Amino acid sequence: MEIEDIIQKVWPRVRRKHLYPQLPLPNVIEGGEDVALEIKSKQLSISSAFYQSLKGKMDGEEIVEAVLDHGITHYMYCPWDFHTHISLYNEAKKVVKQKDQAQKATTYFMDVVTDTYCVKERDTKLATLYRNLPTTGVHKVLTALYEKIWGEDLGNGEHEELVNRLSRIPYLERKRWGESIKKFTKVIQDLLEEEWENEHQRSPGESNPNPMGEHSLENYSLEEIDRGLREFAGAVEDLQEFKETVDDLKVELEEKGYGTGGMGRGKGNPIDANLLYYMKLAESYTLPLRQLPIEKRGFLHPHAHRPWEIGKPFADIDVWTSFGKIMPGMTQMWTKREGETHGEYEGTPDCLIIIDSSGSMINPRERLSYAVLGAACACNAYLKHESRAAVYNFSDALRGNKIVLDFNHAKEHIYQALCRYFGGGTALDLDDITYLLSCADNPDIFIITDMQITNLEKLIDFFNHIENRVTAVHLGHNVHATRFKDGTVKKKNISLFNVKNKEDIPKIVLGKVKEYMTSSLKWS
Amino acid sequence: MKNPFEAFHHAGTRKREIPLDTILKSKEETLSKILTGYEDLLKNEAKDLVWLMQYSTVIKAYSIAEKGMEGIEYTAEDIEEFCYALDHSDQIPYLITGPAGVYISALCNHAQEEEIRLQLRDLNVKINLLGYRLPSNKQLIVEGNVGDFTGIGLDGGELIIEGSGKNYTGAGMKQGKIVVRHNLGFNTGHGMTGGELMVGGRIKGLGKIVGGKVYEKDQLIFPNEGIKPFYF
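Chains A and B, in that order, give the protein sequences.
Each residue of the first sequence is one higher than the one before, counting from 1 in this note's numbering.
Each residue of the second sequence is one higher than the one before, counting from 525 in this note's numbering.
Next up, chain A with everything else stripped away, as it sits in the complex (with noise of 0.2 angstroms):
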């Protein structure tokens, strides 16, 4: 029987047994003998020279479907996402420090949990495929803890201590995957170097990959991957973590579409780490939509027939279905209602983001800056509602030190001049927030600084004479903040919020950015 045939007669059967997941049926592809499975956003497929390779030493069905038990294991249990897979390989990476042997680690590991859980939860053969697959290197240390944690004699029990080692991680405990792949790498570390150093001195086509295929960026959708980011820029500890895994993976990440524009076709702009990590932050706090008001159009439609009687208007009468006749009771006349459809938005004002980044505030390119984070959260809630977001970025302006970003809905060029950190003095060109004033319709105004500013006085007389909602959040308790409140206490627009924690910055925005933009009808 030919392989075609026997995936159309095993892929019912597999799917049964893994509970139906949603994959399309596994094709065969003409690749080499040494890799049984490739896998591509959700297409499995099996190498027909590996399945040729094995045919002799198992039975066809069994081979097919201890392939495929392998594969949509990856789909059904680990990585299961794009976030699993980056969590772990960041894991590993803590371990190695060398991408390509990360990588390595992160996929033997997920090799491991995989079939061992398919091993221990469903009937499988995948015991019988390693005992006929050739081994060397880290594929005979596997093998032999196969042998160990699986009760399968698969001709190899060799490296007992390393064996002893990895035996004694709970490759099923879902929870402790991040503390399990740092034990697994560092027992494995040793081989690992020696593999890549081999790889390195082989020519391009002697490599030595792994039988049951390798995992890449490959294996995602673009949404996936960037649902898996998202997640993934929440989970990590800092912005230096989160960087150093997205500077591994840029290359496979640009050349798969993929850029801090957004998803889309074509190659994307080149991925700037820092950029993506509070875009993806600022992704996860989000603001509800609001709906379109339904409202009455003020003019009736016809809407039902109902019988003509004496006394009622000829006008009404619907001559298609009455037959031409004039007749109490037979006539059709129209009843009408006044109709009712979506409205729409009085309009979101554009808003305009004053951010400091003078030296006394975080550089939000070394460390996670809530202030950065903040801003960008009111710049996703204004661009969400096809509103222009402007940025004054500044610490010593007079000095220069100042990015002034017109109004626009281009996010990456907002977020870029978010990023940017001066790490001087502290003072304002009031000329520069003029002229962004006069560029939109009354735009609200969020001050983001810690408000030791030198040119206090005249930030405070200036706001004074402005009729803009203004949300100012200051950092820290400081006589500078003091004076601010002092002075603009009269100013109904005006909102101060002195943060204690840093953290809530973000939800202190979105809280102004919502009541701004539920109220938005009143105001304009």
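The hints are simulated quantities; they were obtained by calculation from the structure and are not laboratory data.
Where hints are given, some of them may not hold.
[Unchecked claim] Here are the simulated SDA-like cross-link-like pairs (lysine to any residue), alpha carbons at most 20 angstroms apart as the crow flies:
(1) 175/A / 551/B
(2) 539/B / 121/A
(3) 94/A / 194/A
(4) 94/A / 608/B
(5) 384/A / 175/A
(6) 551/B / 172/A
(7) 312/A / 323/A
(8) 384/A / 507/A
(9) 97/A / 647/B
(10) 549/B / 151/A
(11) 539/B / 312/A
(12) 732/B / 715/B
(13) 728/B / 754/B
(14) 9/A / 21/A
(15) 120/A / 547/B
(16) 549/B / 164/A
(17) 186/A / 679/B
(18) 186/A / 648/B
(19) 40/A / 256/A
(20) 650/B / 660/B
(21) 584/B / 679/B
Note that this is a predicted model, so its numbers are computed, not measured.
Once you've looked at the hints, dock chain B against the given chain A.
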């Protein structure tokens, strides 16, 4: 009525017990016994409120540790797991590096293996007193840095530290060998009467040494013309 989910009922699942389950279960049990022994030691030591590093205190703690671990079957990997449990786990409310070191030393000294390798590079704390009384048939290799009083009272074993140690390393050692790949602190070899102490990096200061040999970067620095044996 036909069950619409009948097709899913036992579809391909078998949930069999595999040796991994047994290994993990036994590992958890062993760790729990080791932790109980350690907690007993802490309870005894807590009576003194402050754990003073005195010779009598260490001897007493060691004998309590030996009693606490009686009857536990463990391997070198279990000792390593215990070290990480001390460091990370919320099972142990407090880590006192002195008693912890005495307890780990007792575990190493009574382990079945002759060669024990502890990979402690990721530990946040530096454990004191590792290698205390290491007997002559044992080799203890520690990957990572260690704390004060490492290898004190060494009794013929070989202690290899793949990192740096702190003060009083090898104090009171009688025989055996301590190899430290990187640096050591003050009072190194204080009161040692025999054995060899070899340091790949630098020693901040020697203690009052009675006997034995001390090497720094392959150079014999004790005994030599400048530093004579001290007689208590």
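Hints and how they fare:
1. 175/A / 551/B: With a Cα-Cα distance of about 18 angstroms, the restraint between residue 175/A and residue 551/B holds, given a limit of 20 angstroms.
2. 539/B / 121/A: holds (4 angstroms)
3. 94/A / 194/A: Cα-Cα ~18 angstroms, so holds.
4. 94/A / 608/B: holds (17 angstroms)
5. 384/A / 175/A: Violated, because 35 angstroms separates the two Cα atoms, which is more than 20 angstroms.
6. 551/B / 172/A: It holds: about 15 angstroms lies between the C-alpha atoms, which stays within 20 angstroms.
7. 312/A / 323/A: holds (18 angstroms)
8. 384/A / 507/A: OK: residue 384/A and residue 507/A at ~17 angstroms, within 20 angstroms.
9. 97/A / 647/B: holds (18 angstroms)
10. 549/B / 151/A: Distance of about 16 angstroms is within 20 angstroms: holds.
11. 539/B / 312/A: violated (77 angstroms)
12. 732/B / 715/B: holds (6 angstroms)
13. 728/B / 754/B: holds (18 angstroms)
14. 9/A / 21/A: holds (17 angstroms)
15. 120/A / 547/B: holds (14 angstroms)
16. 549/B / 164/A: Cα-Cα ~15 angstroms, so holds.
17. 186/A / 679/B: violated (31 angstroms)
18. 186/A / 648/B: Between residue 186/A and residue 648/B the Cα gap is close to 17 angstroms, so the pair holds against 20 angstroms.
19. 40/A / 256/A: holds (12 angstroms)
20. 650/B / 660/B: Outside the cut-off at roughly 25 angstroms; violated.
21. 584/B / 679/B: holds (18 angstroms)
In the structure shown, a violation is registered for the earlier hints numbered 5, 11, 17, 20, in ascending order.
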